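Protein chains: 2
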Amino acid sequence: MRRKSCLPASDPAKGGLPLSELYFDNAATMPSSPTAINAALEILQGGYGNPSAAHGAGLRAEARLREARKQVCALAGCREDELFFTSGGTESNNLCLLGAVEAMRHKGKRLIASDSEHPSVLEPLKRLANKGFELVLLPTRGGVLDLKALEEALNEDTVLVSIQAVNSETGAAYDLSAVAEILRRRQSQALFHTDAVQALGKIPLQLSRLGVHLASFSAHKLGGLPGIGAVYVQKGCRISPPYLGGGQENGLRSGTENLPAIAAFGAAAEEARLQWAYRLENAQRVRQVFLDRLSGFEQVHFHLPPHASVYILNLSLQVLPSEVMLNALSAKGAFVSAGSACSSRKKSAGSVLRAFGAPASQLDHALRFSFGYQTTPQMAHELCDLLVELFLSR
Amino acid sequence: MRRKSCLPASDPAKGGLPLSELYFDNAATMPSSPTAINAALEILQGGYGNPSAAHGAGLRAEARLREARKQVCALAGCREDELFFTSGGTESNNLCLLGAVEAMRHKGKRLIASDSEHPSVLEPLKRLANKGFELVLLPTRGGVLDLKALEEALNEDTVLVSIQAVNSETGAAYDLSAVAEILRRRQSQALFHTDAVQALGKIPLQLSRLGVHLASFSAHKLGGLPGIGAVYVQKGCRISPPYLGGGQENGLRSGTENLPAIAAFGAAAEEARLQWAYRLENAQRVRQVFLDRLSGFEQVHFHLPPHASVYILNLSLQVLPSEVMLNALSAKGAFVSAGSACSSRKKSAGSVLRAFGAPASQLDHALRFSFGYQTTPQMAHELCDLLVELFLSR
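Going down the list, the sequences are from chains P and C. The opening residue of the first sequence carries number 0 in numbering that gives the first Met the number 0; numbering runs sequentially from there. The opening residue of the second sequence carries number 0 in numbering that gives the first Met the number 0; numbering runs sequentially from there.
If you are wondering where the hints come from, they were derived from the structure by calculation, not from laboratory data. Hints are all accurate, no fakes.
Heads up, the list lumps identical chains together, so a pair's fine if it works in one copy or across two of them.
Straight line, CA to CA, 25 Å or less: simulated BS3-like cross-link-like pairs of lysine-lysine:
(1) K69 x K234
(2) K125 x K147
(3) K106 x K130
(4) K130 x K108
For clarity, every value in this text was computed on a predicted model and none was experimentally measured.
Same shape as in the complex, but just chain P (with noise of 0.2 Å):
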């Protein structure tokens, strides 16, 4: 067992890899390759102006941002004109769902959403809610989005239907094809979005076909940088910036575009298209590595959806509280989480696999393990190993 060092590195030829090697939690923040860093640095060293500026730097700025547009288009599957950068997952996520509302404020109060989405699509949800409208959660146990319950909410009321695409604790990978097919038939009017950051990059993405009007995106849970994402808003869609100023990025999003970030999510974007069957397959070797060892001992429950991320993988070890379990693997180097590492380190977790249909006893024993491009089957073998040394050799 190696015993890692909790020291920051210092050397840049790291690349943007952690220092411990058993870095388990890439669904929180994923290290930003070196691909995406070098293509920071280069705008940052290059002498880029703003791209809102007239001049020669100001366009060569503007140049570099349709490039980066069109590499994070590719992946996406969507068309330049429908893809707008944002400062990361969150924003995307209020941007759509406000933006969404008030576009149609006139047209109804219903709005629906799966019980397991990130806080920052429930609490600007669960506000609205509190300022009348009407907030309709469909189950999803078993990590499947319950669709006959879509048919019983969804009404002439209803403006809005917002349903992840993959889930950040389990990776319950969401029908939204399902979902955009009984809005069709079902002729509403609704807007339908989707948080697609534990997606994109992950499971095959063509939003031009999905039949969503609005999708969220973070580029640091694709190995790009912090601080960086985008919505896509269906060509024809129309939904109300909550934030003006400037009028960058169409009038949708103002502000000046963080360039630097920006062409690393590009090159980060292009990374994961490019080698989408290596990792792939290398994340599902790392899972199974997980499941082949894990799966003999009476104290391990996977919570298993039947249609997942391969980059994620949840399961209650009965043995300690999470936190306790957190800690005792951190000391070790070994990096993993509780659930969402989104929200607040204080906040009761659990509801996630509460809707998931997990037992109340096995909820507060939840461990996450998230896997990124530089996750290795190796290093799943020696994290089962600390598993096993730590908590399952009594």
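Fit chain C to the given chain P structure using the hints.
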């Protein structure tokens, strides 16, 4: 006269300086300082996690976040529990204005601002005006805020006063202390916000003593990275954040913290604080070159406020339209702007200069020169040579 290449540099040893040695558009975006870039790189390559994660990589990230916050607070003159990171100036302004109005929504309908605010202040206020609020704009003729007009406009119904600290086009520094004093004397309930994007690192700010409740900052205007900013919220003052999610930044600004850019913001702020006297004197010398060399020409009209940031200089050059001069200068590798470059390139400029009181005939001939830590008096001489050669030698 040097002729500049317009190709981006590829040599990382160059640091963040733009290729053109005649970059005079630092109010639009200032090249990231090498120190700031290195601070970001250290995070990107050093194995930091999501600051909200409970493991070692997360805790390390959280500690680094605290250090950067301290560095920015030292420059802004406020407490660490009063500063919250955002994605930039536009988000900061929208967050403060919409958040304040929402928090005060049962207390009144009048909003007061100067007539020279940045679009990221003016546009949100105009939309509120369309929704039933009453917006009063105070004159800033000659670059001086009309305090009598403030006295007249301020009534019991006033919930918000927003006055920028430094105007981005003329450099005019408005008297925020006098505004605060009037609000105090009149025992106004109004929240006082200042867009301090062009002020931080340029004019002395002691937020805790200034009497403002809310302030907005942007890192890339002082040598940090784009895509990061901050808001100051005075201890005890409550605003209601428009966007919700994981509850980061004490619930005020949800979303994974952009640690690389935050670390770079801290480094740039510390650099600005430590080099304060040197940078100020340097900018004064740069500014003086333009005043000395161009004052003699009858085609040149300086727009000089009585109190101003020395980092911005605005003049009208009564020879050709701004855009033609901009392009001619750009072709020679000299990058200046006609006004605020933060807003869309396409929008007609001139509203700030009109508010300043410049004659209509001068509005289409404005040039703004804005200076940064890397601007030298020698560069100012070279730009003056160019201006004379291109436009002033008939």
